[in-house]
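*Asks:* Sequence:
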Amino acid sequence: MGRLAVGQLPTGCDAVLVTGDLQGVTPSPWGGPPVLLGVALGDYLSVWAEQELIPPPARLAVVLAGDLYCAPTADRRGASGEVADVWWALASVGCRLIVGVAGNHDVVASDQLAELGPAAALLDGDWIDHGGVRFAGVGNIVGDPRRPGRRSEQSQLARLGAALTGRPSVLVLHEGPPGEHIDQPGNPVIGAHLREHPPTLTVCGHVHWEAPLARLGAGHVLNVDGRAILLTPQPD
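Under numbering that gives the first Met the number 0, the first residue of the sequence shown carries the number 0, and numbering increases by one thereafter.
Since the hints were made in silico from the structure, they are not lab data.
Some clues are possibly wrong.
[To be verified] Okay, the calculated beta carbon distance ranges per label pair:
| id | residue 1 | residue 2 | range |
| --- | --- | --- | --- |
| 1 | 25 | 146 | 22 to 30 angstroms |
| 2 | 49 | 11 | 35 to 43 angstroms |
| 3 | 206 | 164 | 34 to 42 angstroms |
| 4 | 31 | 180 | 40 to 48 angstroms |
For glycine and all other residues, C-beta sits at the position ideal for the given N, C-alpha and C.
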């Protein structure tokens, strides 16, 4: 797990865990058959907290950038399926906040998470405030709207515009902008749209960056494809 110091965390949180594109299965630390990586991650949070490697889940917020599904035998690329179990696993260990978006391989809806209460927010063109930080988000990717998890460019930009009207500090996307370097690919149209009013931090996945951080105007982009990064307070 990587770590990155940031200037502001939500009040009541000692760290924010940011992750996405966890497309695999693994056993839980408690044993049993393999489960989605995101489900196992929820179980490991308790283990790591007991080992004092991370704050206790009650002091931890989690940001999910989408694509949390994997075929049960992990032998089929590009599979799509239900990922509400990941959200429930993180809630069951007591995470203070779980906020995120759906990736193009995720099947999840807000009504599946309703019983989790205000501690869980699936965003798509809207935002929430928590502890003095505004989180906004847009799920899915630009593509043929006849395929799951895709929207026309016009529709996706409309959702992005709606999310940005709240002037969020943190913007969560599945498909994000390109970075500063050639090996940091992304959607250039999204990049142009964000450059006008960049959030302090844009979190995304969908494509992999070897170097996970890039500047975007006055803000930064953090790519968490296949990563878990712990955002911690900057030292005084």
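*Asks:* Taking the hints in turn, state whether each one holds.
*Replies:* Quick rundown of the hints versus the structure:
1. 25 <-> 146: 22 to 30 angstroms: Cβ of residue 25 to Cβ of residue 146: about 28 angstroms, so the range 22 to 30 angstroms holds.
2. 49 <-> 11: 35 to 43 angstroms: 21 angstroms, violated
3. 206 <-> 164: 34 to 42 angstroms: 27 angstroms, violated
4. 31 <-> 180: 40 to 48 angstroms: With a Cβ separation near 42 angstroms, residue 31 and residue 180 satisfy 40 to 48 angstroms, so the hint holds.
This entry does not satisfy hints 2 and 3, going by the numbered hints stated previously.
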